[in-house]
Amino acid sequence: MNNGSRKRPPPPSQPLPANQPKSQAFSQEDEFVDEDVFLDETLISEDEESLILRDIEQRQALVSRIAKWIRPHLSSEYLSQSCSIFFQQLEIDYVIGESHKELLPNSSGAAAIIRIFGVTKEGHSVCCNVHGFEPYFYISCPPGMRPDDISGFHKILEGRMKESNRNSKVPQFVRRIEMVQRKSIMHYQQHNSQPFLKIVVALPTMVASCRGILDRGIQIDGLGMKSFMTYESNVLFALRFMIDCNIVGGNWIEVPAGKYKKTAKNLSYCQLEFDCLYSELISHAPEGDFSKMAPFRILSFDIECAGRKGHFPEPTHDPVIQIANLVTLQGEGQPFVRNVMTLKSCSPIVGTEVMSFDTEREVLLAWRDFIREVDPDIIIGYNICKFDLPYLIERADALKIAEFPILGRIRSSRVRVKDTTFSSRQLGTRESKEVTIEGRVQFDLLQAMQRDHKLSSYSLNSVSAHFLSEQKEDVHHSIISDLQNGNADTRRRLAVYCLKDAYLPQRLLDKLMFIYNYVEMARVTGVPISFLLSRGQSIKVLSQLLRKAKQKNLVIPNVKQAGSDQGTYEGATVLEARAGFYEKPIATLDFASLYPSIMMAYNLCYCSLVTPEDVRKLNLPPESVNKTPSGETFVKSNLQKGILPEILEELLAARRRAKADLKEAKDPLEKAVLDGRQLALKISANSVYGFTGATVGQLPCIEISSSVTSYGRQMIEHTKNLVEDKFTTLNGYENNAEVIYGDTDSVMVQFGVSSVEEAMKLGREAAEYISGTFTKPIKLEFEKIYYPFLLISKKRYAGLFWTKPDTFDKMDTKGIETVRRDNCLLVKNLVNDCLHKILIDRDIPGAVQHVKNAISDLLMNRMDLSLLVITKGLTKTGDDYEVKAAHVELAERMRKRDAATAPNVGDRVPYVIIKGAKGAKAYEKSEDPIYVLENNIPIDPQYYLENQISKPILRIFEPILKNASRELLHGSHTRSISISTPSNSGIMKFAKKQLTCIGCKALLSNGDHTLCSHCKGREAELYCKTVAQVSNLETLFGKLWTQCQECQGSLHQDVLCTSRDCPIFYRRKKAQKDMAEAKLQLDRWNF
Amino acid sequence: MLELRLVQGSLLKKVLEAIKELVNDANFDCSASGFSLQAMDSSHVALVALLLRSEGFEHYRCDRNLSMGMNLNNMSKMLKCAGNDDIITIKADDGSDTVTFMFESPTQDKISDFEMKLMDIDSEHLGIPEAEYHAIVRMPSAEFARICKDLSSIGDTVVISVTKEGVKFSTRGDIGAANIVCRQNTTVDKPEEATVVEMNEPVSLTFALRYMNSFTKATPLSNTVTISLSNELPVVVEYKIAEMGYVRFYLAPKIEEDEEETKPEV
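Chains as they are written, first to last, in the UniProt record's numbering: chain A, 1 to 1087; chain B, 1 to 266.
Wrong hints could be hidden among the right ones.
Stated by the list, open to error - A few chain A residues that don't get close to chain B, going by computed Cβ distances all over 10 Å:
1. P143
2. G152
3. F290
4. A465
5. L533
6. D725
7. T803
8. D812
9. D857
10. I1064
11. W1085
Unchecked claim - Heads up, incomplete: computed chain B residues facing chain A, CB under 10 Å, no partners named:
12. S36
13. H44
14. L66
15. M75
16. I128
17. E232
Please keep in mind that the hints were generated in silico from the structure rather than gathered at the bench. Note that this is a predicted model, so its numbers are computed, not measured. Positions of the beta carbon are idealized from the N, C-alpha and C atoms, including for glycine.
Chain B on its own, in the form it takes in the complex (with noise of 0.2 Å):
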């Protein structure tokens, strides 16, 4: 039996619009801790991890550990259905292949059930192991998302690159360049709209920009993203959900020779 409510249903629906464009279809693992999902992108060269800590709910539930395989697409079809103050609950049975999302309006005058035929998923497990990083950079989510945007519509790829100074995004295309600099600025009036760089040794890393645009998806979950870089690891973009816990992408860097591969073609 597994009954997980969430009072701030608003979350959940943010949550599966930042992770859908990534994944397809995944499973969701539930154990008395939490709520959590680790899956690949579809072109395996992305991988996303999210967690809700039990501690979040209202009320949790959880007797065994469970995975459900669920088609995210269908998912956050249902969530639609929510309105954006709505409790949302899901439901589900032992040995049943079904979930039921229960939305219940805040002035408990209108209740819906949705219910959703679970998939059976045959995949492998995966995770990061936790690391050091050389260098971790916190900025605002919108900024961060901007930078990105702009520097797409320039070139394929970004290189940021960390400094003492503060951190600097890059491109380069067909019709230029462009270079992006975000000083260390911890003097602002709201602690959100702070630029903090941590760095022990300096970084320079390529990445694609298609994904970094997908991982921006995530930003109105929170209003920082934690950046984190080391040579030879995968960079992790985190975005905090408040008490509750988080989404993190994760992307290999580039590399000159698989450069041929991966790169989208215009």
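Excised from the complex, chain A in its bound form (with noise of 0.2 Å):
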């Protein structure tokens, strides 16, 4: 494998730290090559398999357990290969093997083959391996190259190859070498084509190889040392035959009968398993019926491992102790497979299969034996492919089971592990492993959520109560151990939180639709449907240019990475935002997909740039070309019309269709698939902008995208001026019409009127006006009114949404602390329910009172610590911080106190602040909420007012109310203050607590132990509140722990959950302290 040559030196500026290697070279997210895999390699020989074999008869009672959720039975039609085959493809990979004798008689040799897996209708599973499919790429015929010469050539590049590839075994490395007429797709040109030459190698890999020998130069007779720019060098080989082949992604393949031959000893354990050549196959477009979804297994799966104490659980050392699976069938409502495999006796669980093993070997086993008879198409599960399926592999690798990661389709071949570092601006270096499973599409929900969703933490348990409002109990996995060596009732707990783990991604599957949503995006983008999880945006963009590119006869330079030297360019404007409070209806026209439209009004694209260069030398008449404001020429679409706005113009056709084809749909499912592909053919329109905007990108071309944002920032001016020149009192309108603040698409005004509907026709007025001087398909829309409408600053603003005159449909809000990850709940909630009140009860009395009560509450330690606790991703090591940050400190100091439960690289850290001495930095006082809880230590409730609180709470009120910050931060309110005396401090060993009055605090003198003679008068009044409170506190408790109890489904036993992302946790704990405590008070009375 010779993909040396792609890798680039890392930036000189930036050195490598030592302690990651390599993270550089892969900071790109498409930086992924083909990976040749020889197809006798990987097989496990004969004998071993037949020990394999053998080992299943001795385990024939579990098989035939297994056996009745095997696929169905093939029909005569399928066994007789008389009808033709229709399946969905989920996974298309290749091998390397024997080119087909049959099918393929003049070639012989290795060759690539690939491999389609897919279900039928009827849920059959499929194995499509496809012949003859060569890889390739163009280059630049060189002036002055006959097409006699292109033999000469071929001999030169053919002895390079051999060279550079000297431990190959194959014969011929360079196919063929053809001449053929192509033109690039960069710049304008005025000539229609000219000679390309299409290179055509054996094995995918070659393509790299050759590749660089090209870039390097390479000698050639009569025209000295050349090197050339390659052409379409980087598509992977999966994805060049898709392109080739018209499919798409997660689409209908129709082999036709008689096409096909089955193959003469399957290699998998598909049901139909069949070669067939590559011009044979029929691809559907995804319409009609063939939008439709087979009928895929899906299975969720979790895993429990036994850790020992003080030790997260390594699979050389820690059994796996439990196995819980559920298969669906896509489509349906409930899993039809509910099981689980747990090592020891575990007690039956109702609507669940329980099977129990006595070593953990059966256990692994039986496991494998489930996946090869289920058969599933689609493997999910929440962090599995970083933990759960590596763990399962390197588990059996140290019990020395050779026979279990057989988990693929492919018979006898083992599942290969792979170590890989994924490095991102955004998410950080992160070391993972890389499960290959031939025929089975992973899909871990982790990685969706993190990809999709901004939350503030991404355990299963605080995504399934953010998405399903469920939680589940968290058992600590130093816990985990001793549920296992108690009972069968212990275990049978245990198998019971295994399966709702399980059952969970599951869940969270169906809800957020992630099936059909990835699938749409695979059909509208033609990527297979793995890469859309494993690879960035571009990749969606490469794809949709190449298939467009192939039909209009243009290749794309495979331009060298340039790296970050191409410099930035200026971004979408913002208007400037005059804040303040508004209480008349605010109308806010948007462009509708400003960024494609601009590219789509203006022609903007790769084959309509102009050089420099050539607009001296082309003469080119003005009317037919565009000069954009930012200075670059592009030529009109009646000489050349643009790729781009092309597959703009698609994407957004096709989505005005989804759309109104979703208004017509009734069918539930059939809407499922419309809204997903609508949304699916929105990204993708938006991220073709910054395709062409990645410095580090694909191809980058700043040309086009500086061009796009100057458009946008002269039709925000434009709008801004025509709106406020045309509604004014002196044309006839009742009130000057005032432009208050526009964003990158959208200018909010004000018309002065009062009434929503009035500024709603106002609205569209000028939506049409303004509109009628773009250039089509610009379009300025009236969307929505914002009333009343709180504009704090540039991108902060609140207010209530109104699309019809009689309601609002919503309050809308912007860039305020209700959506950041980095501040504590405590300031999201607070934000949220002055927001409410202010704009929907119109009550800002209300509102300050509701600040005033929560700072009260806050200084006499009343507040929930779960509104406290602030999370932040931990994205490196302390060492690698410049600056003390908390949570880097904490996670540094929780090492220290226990190794186990300490947070890691990549992990996010949820932490509070407590008091510390005087002058104590920030990150001097972090703490884990837990620890904050058993010990009692009391937080630091001034950091909470004046480094959480009060910006954003004064960012509000400031519009709205004079000295804010006086009446919010200052008030009496903020004059009673509770002080707990922590349990673990330096002096509290020494120190004792001294009685005081229960009535008024003041000290008790010696005789005395309840109240001072002073109180003593009220002591019937005092005993009942105090008992009272108890009462409460008790009743509190009880709900509390009831609640707990539902959630971990038993309620005669003990609670076990310590989730740090669970409100009710925090309460239950704190409750449970506060009752202790008033209990010590009552029995102070002692009658």
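Since each chain comes alone in its own frame, lean on the hints to assemble the complex.
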């Protein structure tokens, strides 16, 4: 595998730290290369296979237990091969094998065989081996080379390839070189096409090595040393195949009867396995019947390991004790298989098949057999890619169960585990394992969540709470061993927990419609489903670009990664915000899909860009070019229609169609598909602009992206001027319109009218009037009214959102702390409640009071600790941070306390700020919330007041209230405080609590131990008060305890959960503490 | 009804300066016997105990035991407005949520009333039981303040060791180490300049200098300071207030394991 030439040297300005080698080399999300896997190398020898089979016979009982879940039997038509096979493909990969003698009688030797895995509508699994497709790429034909010279060039190239691939057994590296007529996508060219050389090589990885040779330069007779720009040499082989055969991710493929041959010897576990030629495949566009989904089998699973105290489970030491499985047919509400495999006995669980085994070996092998028989198409779970799957495989390795990792669809082919380093600016560096399971798509919900949703915590618990309003108990992994070592009932408890962990990912998958959305996204952009999780945005745009370019006879250059030295360009414009609280309706005028529209309207594309040199040379008529505000020149569509505009037009047209169909659709499943599609189309359209602007992307073109933003800026200004010129009292309108704010693609106008209806009318009029002044399809739309509207500053506002005159739709906020992740929940709730009171209830005094109450609660230590927890992602270890940060220091301290529970790089760290010595920095005062609860450590209310609450609250109230700061932060409500006594501090070991009067807190003299003499008269009243307090706290604690028991699904067992993400947990702990203290006080009476 | 008249008003000002660096908010407890305060510093490492006995006031009236929560910063702001020779009277009515400080100039030609809002502070009342100490050192307070200041420029912690010969303060830091020995010395002209060591057993304890330095803010209150030490007990640094009472600071010794935790970062 010679991909060394592809890795760029790291940028010199950033020397690599010694502890993270090659992270830079993978910093690009699309730095993926083909990897040739030789069929015969991965297969297990016959002897071994028979050993496995004998093993199976021994465990006949188990096999028959599992066998009831096998796929439906093949009908006679399939068996006799008399019908065409229609299937929905999910996964496409390739292997290197001997080329097929019957299908390809003319070739011999090693060749790439494409394997398509999929499912028919009856639910049969399919493995289609496609032959005859060869890897290739283009170079521009050097001027002066004639068709006769090609064979000479071929020989030289072949020779160079042999040199650099000495240990390869392939007889011929470069299969053939053809001269073809193509055109480069870059820049406007007047000629129609020019000669290119299409170089066809034997194996996919040779594309990269051949490109390396051509990049470096090659000696050609008569032409001298020449280096070549290569075209389309960075396209993965499977994608190349899909593009050339018009296959898009997750679509239906037809193989006509008679065109396929059943394989002589089945290599896979699929029911239908056959060979065919790539030219015989019929790919169906996802329309009508072909937009449906086949009944995939989705397996959701979770494992439990018995860790040792103080250590995170390691596969070399800690056994796998349970595996819970749920198998669901795509489109059905309930799983049809629900089982749990346990080590040692386990009490029965309703609705679940419990399979208990005596040894860990049996558990693992049972799971392998289960996978083979159930044959899932998609494997889902939470963090399976980084934890569960690698753990199982490494554990089997540690136990020397060589026959375990046969989980793929290829008979006796072991699962491959690869270490990968994924590094991106957003997520930081993460080391992980990549497990390849042939023919099965892995869909890790954790990855999908991290990709698609910004959350404060990505634990399964908090994600489920967020999306499903459902929690699960969080058993600390050190307790798991105790449960396992108990009896059948404690193991049952663990099994229930494990099942829930397997069930929640399935629920999330259904709820968020990941399958529909991802399949639709794959169909729209044309990439395989597995790319969507593992690759970035640009591969999707590249795939569309390649498809379109192919139709147009264009080829795409493999531009050398230029790094960031291309510089940046000016982004979008933001009009100055006139901050204030607006009690008149504000109309918002939006540009619909602004950036895509600009690209379409001005025909901005790689192929319509005229280089400055050509501008002078070609002498193009001014009426057929557009000069953009940023100074670039693009030809209009009559000279050369751009490809990007065409892609965008199709995407937007498809979106309109999908939206129209969505309105018509009745069937909820169909609706789900269509909604997923229109969303995918929208995201794809918007990512085209980003693709051209990504300086480290596949084909950056700053000329396009800077032109787009420059037009955008111009349009916002233009709109503002038009509105303020036209809607004036001079022109007969009631009031002068005023633009109060404008962002990237929207302008907010106060027309001065006081009813929503009138504002809507004027908004529509303005939108129509201004749209008329723009080039099509740029369109200004009137969408909504904000009324009332609180404009705080640039990108920060809140308001009630109206789309119809009678009622508002919702409250809408932007850039306000309701969404920021690194604030504590208190801020979020407080801001939300205040906005609700201000905007919806129109009750400003109420909002003020609410803030005061909250601050008072904070100072009185009545605040729930869960509301005060701040979380921050730990992206690197302490030494790498330049400044000390609270969460990093805490992680370090926690590691010293207990390495097992301490957060690791990549985790989000929850913490609270506690009181410290005067002048102590925030990073010295961060503490683990659970530790704080257990030791009754006082939090630092001043920190929360000054660093968390004050800014967001003042931002909201400043436009509304005079003296907001004095009123809210320093009023009389701040003069009641509570100072609690921690149980673990240095001086507390020596200090003794002295009794104070329960009534008035005065110090008690020796004789008394409840009340001072002064309060004696109120004894009865105070006693009742104390009793009432105790009983209140008891009730509260009882309720919280029951809540937790319900969450764990059992009302007669102790609660073990210690979930850091669960607000109930903190409240329960606090109620428990408060109750104990109140009881102590009650005991003082002691009549 | 509470009414406390203190002729030497500057005393109260000095007391506030002594404790406000350690404590933000605290309850002042008034009883027939005196005016007192016990509070932990905000990091819960040190404890402050103040006592002003009723005999020291010119006029002392306290009808019932009373606990008044005050923000010491605000209180200090008000007391700063009193002249050094002024007579200060503290007044509070039963059930009121304010306290009044009245300043009278010595010549009685100026009387100022300052009213401060009280706070409702819910905290536990802590005290350190009296104990026998292994070693008691009495030395000039200015000398002690100087030693703490000097040592803190070199290290974060001070080791105080008491032997027959005297008391040794030592520290160690990145730039080097320092040792200061004060010998027993009773042959001085003025008794307050004496250094007296009473020792039953030798002791050697480690403390954070950060806190020691805060304690020395009480130096203006007294010419001498008494340091009482015992193994496994917090150190007591006491400044006597002539004829009235004392300000005592308690600080737990540093133990190896929590050295990491409370170690002040530079």
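Cross-check of the supplied hints:
Listed as a non-interface residue, P143/A keeps its Cβ farther than 10 Å from every Cβ of chain B; the least gap is roughly 68 Å. The claim that G152/A is not at the interface with chain B holds, since no C-beta of that chain comes within 10 Å of its own (minimum 72 Å). For F290/A, the shortest C-beta to C-beta distance to chain B comes to about 65 Å, beyond the 10 Å cut-off, and the non-interface label holds. With a cut of 10 Å on Cβ distances, A465/A stays outside the contact zone with chain B, its closest approach being about 33 Å.
The claim that L533/A lies off the interface holds: its Cβ sits roughly 42 Å from the closest Cβ of chain B, which is beyond the 10 Å cut-off. The Cβ of D725/A sits about 57 Å from the closest Cβ of chain B, beyond the 10 Å cut-off, so the non-interface label holds. In this structure T803/A is separated from chain B by more than 10 Å, as the shortest Cβ-Cβ distance comes to about 49 Å. With a least beta-carbon separation of about 40 Å from chain B, D812/A lies farther than 10 Å from that chain, consistent with its non-interface assignment.
Non-interface call for D857/A relative to chain B: holds, since the shortest CB-CB distance, roughly 13 Å, exceeds 10 Å. For I1064/A, the requirement that its beta carbon stay farther than 10 Å from each beta carbon of chain B is met, with the minimum near 25 Å. Residue placement check: W1085/A keeps its beta carbon more than 10 Å from all beta carbons of chain B (closest about 18 Å). The interface hint given for S36/B is met, as the beta carbon of that residue sits about 8 Å from the closest beta carbon of chain A, less than 10 Å.
The interface hint given for H44/B holds, since its Cβ lies 3 Å from the closest Cβ of chain A, which is under the 10 Å cut-off. This hint holds: L66/B has a C-beta 6 Å from the nearest C-beta of chain A, less than the 10 Å allowed. With a cut of 10 Å, the hint placing M75/B at the interface with chain A is violated, because the nearest CB-to-CB distance is about 13 Å. A cut of 10 Å between beta carbons decides the hint on I128/B: the least distance to chain A is about 6 Å, and the hint holds.
Interface hint at E232/B: satisfied, since its Cβ lies 9 Å from the closest Cβ of chain A, which is below the 10 Å cut-off.
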